[in-house]
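With chain B fixed as given, assemble chain G onto it according to the hints.
Keeping their order, the protein sequence lines are chains B and G.
Going by the numbering used here, the first sequence opens with residue 1, and the numbers climb by one from there.
Going by the numbering used here, the second sequence opens with residue 1, and the numbers climb by one from there.
Think of the hints as simulated: they come from the structure by calculation, not from any bench.
Think of the CB as a built atom: it goes at the ideal place given N, C-alpha and C, for glycine as much as any other residue.
Careful: at least some of the hints might be erroneous.
Stated by the list, open to error - Derived lysine-lysine pairs resembling DSSO-like cross-links, with alpha carbons at most 30 Å apart:
1. B:K115 <-> B:K56
2. G:K602 <-> B:K69
3. B:K69 <-> G:K125
4. G:K602 <-> G:K685
5. G:K559 <-> G:K495
6. G:K305 <-> G:K263
7. B:K69 <-> G:K128
8. B:K55 <-> G:K602
9. B:K56 <-> G:K672
10. G:K672 <-> B:K69
11. G:K672 <-> B:K55
12. G:K335 <-> B:K56
13. G:K263 <-> G:K183
14. B:K56 <-> B:K69
15. B:K115 <-> G:K125
16. G:K550 <-> G:K412
Unchecked claim - If you anchor each label on the Cβ, the simulated ranges turn out as follows:
17. B:E125 <-> G:K539: 36 to 44 Å
18. B:A148 <-> G:E688: 56 to 64 Å
19. G:M221 <-> B:G146: 37 to 45 Å
20. G:E213 <-> B:E109: 22 to 30 Å
21. B:W94 <-> G:D365: 56 to 64 Å
22. G:E213 <-> B:Q84: 42 to 50 Å
23. G:D365 <-> B:G37: 58 to 66 Å
24. B:T75 <-> G:R485: 23 to 31 Å
25. G:E681 <-> B:G37: 45 to 53 Å
26. G:S141 <-> B:T75: 34 to 42 Å
27. G:E688 <-> B:A114: 47 to 55 Å
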Amino acid sequence: MLINDLILRNPLRLMQADSTKDTLRPGAFGAVLARAGVGKTALLVQLALNSMLEKKNVLHISLQDPVNKVSLWYTEVFHHIAQQYAVSQANELWDTLLPHRFIMTFRVEGFAAAKLEERVNDLSEQGIFTPNMIIIDGYPFEQDMGAALSELKELAGRRGCHVWFTVRTHRHEAPEQFGLPRQMSDIAELFDIILQLQPEGKDIHIKALKVPGTEAGSSKLFLDPATMLITNSH
Amino acid sequence: MIADQSKVRNIGISAHIDSGKTTLTERVLYYTHRIHSIHDVKGKDGVGATMDSMELEKERGITIASAATFCQWKGHEINIIDTPGHVDFTIEVERSLRVLDGAILVLCSVGGVQSQSITVDQQMKRYKVPCIAFINKCDRSGANPDRVIRQLREKLGHNAVALQLPIGLEADLEGVVDLVAMKALYFDGENGETVREEEIPESLMASAVERREALIDAASMFSDELMEAALEESVTEELLYAALRKATLTREITPVLMGSAYKNKGIQPLLDAVTHLLPCPADVQNEALDMDNAEQPVALVTDSKKPLVALAFKLEDGQYGQLTYVRVYQGKLAKGETILNANRGKKIKVGRLVRMHADQMEEIDAIPAGYIGALFGVDCASGDTFVNPGINVSLTSMFVPEPVISLALSAKDNHSQTNISKALNRFTKEDPTFRTHVNQETGETIIEGMGELHLEIYIERMRREYKAEVETGQPRVAYRETITRRAEFNYTHKKQTGGAGQFGRIAGYIEPVEDEEFVFENRIVGGSIPTQFIPACEKGFRDCLQKGPKLDFPVTGVKVVIDDGASHSVDSSEMAFMAAARGAFRETYPKARPVVLEPIMKVVVETPSEFQGAVMGSLNQRRGMILGSQDEGPMCAIEAQIPLAEMFGYSTVLRSLTQGKAQFTMEFSSYKPVPQSITDELVKKASEAKQKVA
Numbered sequence: 001m002l003i004n005d006l007i008l009r010n011p012l013r014l015m016q017a018d019s020t021k022d023t024l025r026p027g028a029f030g031a032v033l034a035r036a037g038v039g040k041t042a043l044l045v046q047l048a049l050n051s052m053l054e055k056k057n058v059l060h061i062s063l064q065d066p067v068n069k070v071s072l073w074y075t076e077v078f079h080h081i082a083q084q085y086a087v088s089q090a091n092e093l094w095d096t097l098l099p100h101r102f103i104m105t106f107r108v109e110g111f112a113a114a115k116l117e118e119r120v121n122d123l124s125e126q127g128i129f130t131p132n133m134i135i136i137d138g139y140p141f142e143q144d145m146g147a148a149l150s151e152l153k154e155l156a157g158r159r160g161c162h163v164w165f166t167v168r169t170h171r172h173e174a175p176e177q178f179g180l181p182r183q184m185s186d187i188a189e190l191f192d193i194i195l196q197l198q199p200e201g202k203d204i205h206i207k208a209l210k211v212p213g214t215e216a217g218s219s220k221l222f223l224d225p226a227t228m229l230i231t232n233s234h
Numbered sequence: 001m002i003a004d005q006s007k008v009r010n011i012g013i014s015a016h017i018d019s020g021k022t023t024l025t026e027r028v029l030y031y032t033h034r035i036h037s038i039h040d041v042k043g044k045d046g047v048g049a050t051m052d053s054m055e056l057e058k059e060r061g062i063t064i065a066s067a068a069t070f071c072q073w074k075g076h077e078i079n080i081i082d083t084p085g086h087v088d089f090t091i092e093v094e095r096s097l098r099v100l101d102g103a104i105l106v107l108c109s110v111g112g113v114q115s116q117s118i119t120v121d122q123q124m125k126r127y128k129v130p131c132i133a134f135i136n137k138c139d140r141s142g143a144n145p146d147r148v149i150r151q152l153r154e155k156l157g158h159n160a161v162a163l164q165l166p167i168g169l170e171a172d173l174e175g176v177v178d179l180v181a182m183k184a185l186y187f188d189g190e191n192g193e194t195v196r197e198e199e200i201p202e203s204l205m206a207s208a209v210e211r212r213e214a215l216i217d218a219a220s221m222f223s224d225e226l227m228e229a230a231l232e233e234s235v236t237e238e239l240l241y242a243a244l245r246k247a248t249l250t251r252e253i254t255p256v257l258m259g260s261a262y263k264n265k266g267i268q269p270l271l272d273a274v275t276h277l278l279p280c281p282a283d284v285q286n287e288a289l290d291m292d293n294a295e296q297p298v299a300l301v302t303d304s305k306k307p308l309v310a311l312a313f314k315l316e317d318g319q320y321g322q323l324t325y326v327r328v329y330q331g332k333l334a335k336g337e338t339i340l341n342a343n344r345g346k347k348i349k350v351g352r353l354v355r356m357h358a359d360q361m362e363e364i365d366a367i368p369a370g371y372i373g374a375l376f377g378v379d380c381a382s383g384d385t386f387v388n389p390g391i392n393v394s395l396t397s398m399f400v401p402e403p404v405i406s407l408a409l410s411a412k413d414n415h416s417q418t419n420i421s422k423a424l425n426r427f428t429k430e431d432p433t434f435r436t437h438v439n440q441e442t443g444e445t446i447i448e449g450m451g452e453l454h455l456e457i458y459i460e461r462m463r464r465e466y467k468a469e470v471e472t473g474q475p476r477v478a479y480r481e482t483i484t485r486r487a488e489f490n491y492t493h494k495k496q497t498g499g500a501g502q503f504g505r506i507a508g509y510i511e512p513v514e515d516e517e518f519v520f521e522n523r524i525v526g527g528s529i530p531t532q533f534i535p536a537c538e539k540g541f542r543d544c545l546q547k548g549p550k551l552d553f554p555v556t557g558v559k560v561v562i563d564d565g566a567s568h569s570v571d572s573s574e575m576a577f578m579a580a581a582r583g584a585f586r587e588t589y590p591k592a593r594p595v596v597l598e599p600i601m602k603v604v605v606e607t608p609s610e611f612q613g614a615v616m617g618s619l620n621q622r623r624g625m626i627l628g629s630q631d632e633g634p635m636c637a638i639e640a641q642i643p644l645a646e647m648f649g650y651s652t653v654l655r656s657l658t659q660g661k662a663q664f665t666m667e668f669s670s671y672k673p674v675p676q677s678i679t680d681e682l683v684k685k686a687s688e689a690k691q692k693v694a
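Next comes chain B alone, as it looks inside the complex (with noise of 0.2 Å):
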């Protein structure tokens, strides 16, 4: 029941018109755009976990933080979770959940396609870890990186998963088309679903700026600004 609860939570399946199809097709990219501290890392954490209770595997890739503070991502927005729905026994879900999840950490500069095939090869062969979905937190947008991400997409593609991104936009700069922000307007056709979350008073609104079948800028989604945790309500 709280499975399947968790999962009927997915922001995707909500905001698309069929509501079988929550994820991304593999090879596919998804980007999460908002201004520092908004709560991009909290809303992918949460896609995560709700891939992770399907028993999928999800590479959490950080170029910012160190291995320590994504887990500490992972066990906050769990447990906020698990207060909300009152789970009994959090701490064997969590367990079960644990196997699902797997950290990399790089710089920046030190980050390419190239890489992470390397790695991910390393796991997959191995047999310890083969992700069906990857998440790459502090991507340097602000750079011209068409080519690399044309690489990380044949990557994906290949590996047979999809990649979710955190774009971090900056508040001085006016948005271009679509309410895209300027380091995204020339590299939105990678991307199949793009959401933005935006403060607007008190609540933290989720808005779809790409996302098939959906209208440009609507919201019907929220993330709760205490708990990070997305609400259909406020």
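Only chain G this time, still in chain B's reference frame:
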């Protein structure tokens, strides 16, 4: 002894194993004229560094015991505690940090912030020890102090600011630029004893100016005066040091110095920084617990005229008996006085007082407030508090982790037997994480500790220092049992075999409880079990926990609730209810779905990137769960959680996998249920062992 407390520094030198902290201490003692020649840790000359006074430490090139020593530098008196770097000896590190006012965090300029530095840093945070960082080994190939500063910020969250700039790096390291005085410093003479001040080389000037600005920017956040002076471009050395000191004391800034202890570069400026930036005893707020007032904290004042409060933080067995290192927090510890051991309630007459320099000593008459010294011929354990008779306070009890590994010991001959007892008596007093007991069934002496290396070191010490011939069994993991569901009981103990009978009925339930060993709740109403028998019921259950019915491991995490029962006016007794409780537990325990728990260790392996696949494979084979990998350029750190039972002999495996280039640290993380297949194996082993005993 200096009367001015503001010129006293009690500091520790903490770091990852092999960062060169013993070499650094050695150089400090040399430049402060405490020793007159320099030896290397793994001495080619067969002498060894001065701080590693134990023979074993010399041989292995590691520091086990935190020997305390003192030295003088430019009118200041510095007491230094050399702390062990291996995680197996963490209690030693923690105990040292408790008595320190400040610390030097030594980092390797090649290895950077390694896993043990992270552990040590967390401990420093816990005890709020202000620190300055010293980036050592700048002469080694691959040295990169900037990277280490970045890691200090990113990995440890320190607001690290460089006070120096290296002049040359790796083999070309010549000296350092002092960014406060804006001078270049070179170290001349055979052992770098002469510091030569020069103008900053042209090639480094731009970089030095830029770094100094960054330094002033960072420091001015904590001083309005400095901020104003910076705007008027009239920053003086005094002003800058004052601001830096203020921020360092509150741990808001970590000043970073650099050099190479081995090449005798940068040590004197480090000593200057210790005197300028680290706290004196009066700068630090220490607290004791008032034992007469529900352990309320009481602030201690670093004043020799107040009543005495001192902590025994380290014991050593010397040729003249037990040497007890103490830190006096308040009052004065003087020769001939009678003091009280607050933890044991014993009065002691202070005999000889000494000040230590590794294994040489100097007689003194008193240890004033804020100082570290040693007492002779006092019987106590480490962690005990000494006070003047009449006051009843104790210094905070230190957190002591439960041991996770045990080993059976036996003596080869009678003579050794006596020596083993002496040694064990000493070690358990010195180190609260090291415990010993005799197994009632097998008669074997069991020692317990925090890891394989921890126990190995003590066994070696028995052989060397106590000349005891010891035989050891296989290391054993400290398994435990617990229950996973609620189960009810209703048990009657009845015996009528002539004479007075025994009768007691007890009913209720047992259920799992988190974070507690044992909880007993009495919900009896209406006196179905008379009140005087309730403690006997509790004792009956408690007795059962020592040895679980499943596999004889201690049982934890059990809550017992009794809510009904019956008694007989003649036949009921404490003994009858104790027996009823034991019967009830035995009957209901299997119904509560018992499981065996094993200690899971947090293991961090640091390896060159090219071996990371192999290392991950080796961790995975050990029933480990790899949490993640951290890429640090040429090196990579892999974090995993692995059952302790699978970690025996891992150091050898890791060495052969990585050509000896990787290292790992391991610390206790939590207890987790053992998989069924392993439980079956344990059951098999236990029954074999029982047969052997029979």
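>> Check the hint pairing G:K335 with B:K56 against an upper bound of 30 Å on the C-alpha distance.
In response: violated (70 Å)
> Does the Cβ-Cβ separation between B:W94 and G:D365 fall within 56 to 64 Å?
Replying inline: Holds - the Cβ-Cβ distance for B:W94 and G:D365, about 60 Å, lies within 56 to 64 Å.
>> Given the hint of 23 to 31 Å, is the C-beta distance from B:T75 to G:R485 inside that range or not?
In response: Given about 26 Å between the Cβ atoms, the range holds.
>> G:K559 and G:K495 were given as a pair; does the straight-line alpha-carbon distance stay at or below 30 Å?
In response: holds (28 Å)
> For the pair supplied as a hint, G:K550 and G:K412, is the alpha-carbon distance within the 30 Å limit?
Replying inline: Roughly 34 Å separates the two Cα atoms, so the pair is violated.
> Does G:K602 pair with B:K69 here, judged by a C-alpha cut-off of 30 Å?
Replying inline: OK: G:K602 and B:K69 at ~15 Å, within 30 Å.
> Straight-line Cα separation of G:K602 and G:K685 no greater than 30 Å?
Replying inline: holds (26 Å)
>> Taking 22 to 30 Å as the stated bounds, is the beta-carbon spacing between G:E213 and B:E109 within them?
In response: holds (25 Å)
> Under the criterion that the straight-line Cα-Cα distance not exceed 30 Å, is the pair B:K69, G:K128 satisfied?
Replying inline: holds (21 Å)
> Is the hinted range of 42 to 50 Å satisfied by the C-beta distance from G:E213 to B:Q84?
Replying inline: Check passed, 49 Å falls within 42 to 50 Å.
> Okay, B:A148 versus G:E688 on CB: inside 56 to 64 Å?
Replying inline: Since B:A148 and G:E688 have Cβ atoms about 59 Å apart, the given range 56 to 64 Å holds.
> Could one say that the CB atoms of G:D365 and B:G37 fall in the range 58 to 66 Å?
Replying inline: Taking Cβ atoms as reference, G:D365 and B:G37 lie about 59 Å apart, which means the hint holds.
Violated hints for the displayed structure, listed by number in ascending order: 6, 12, 15, 16 and 17.
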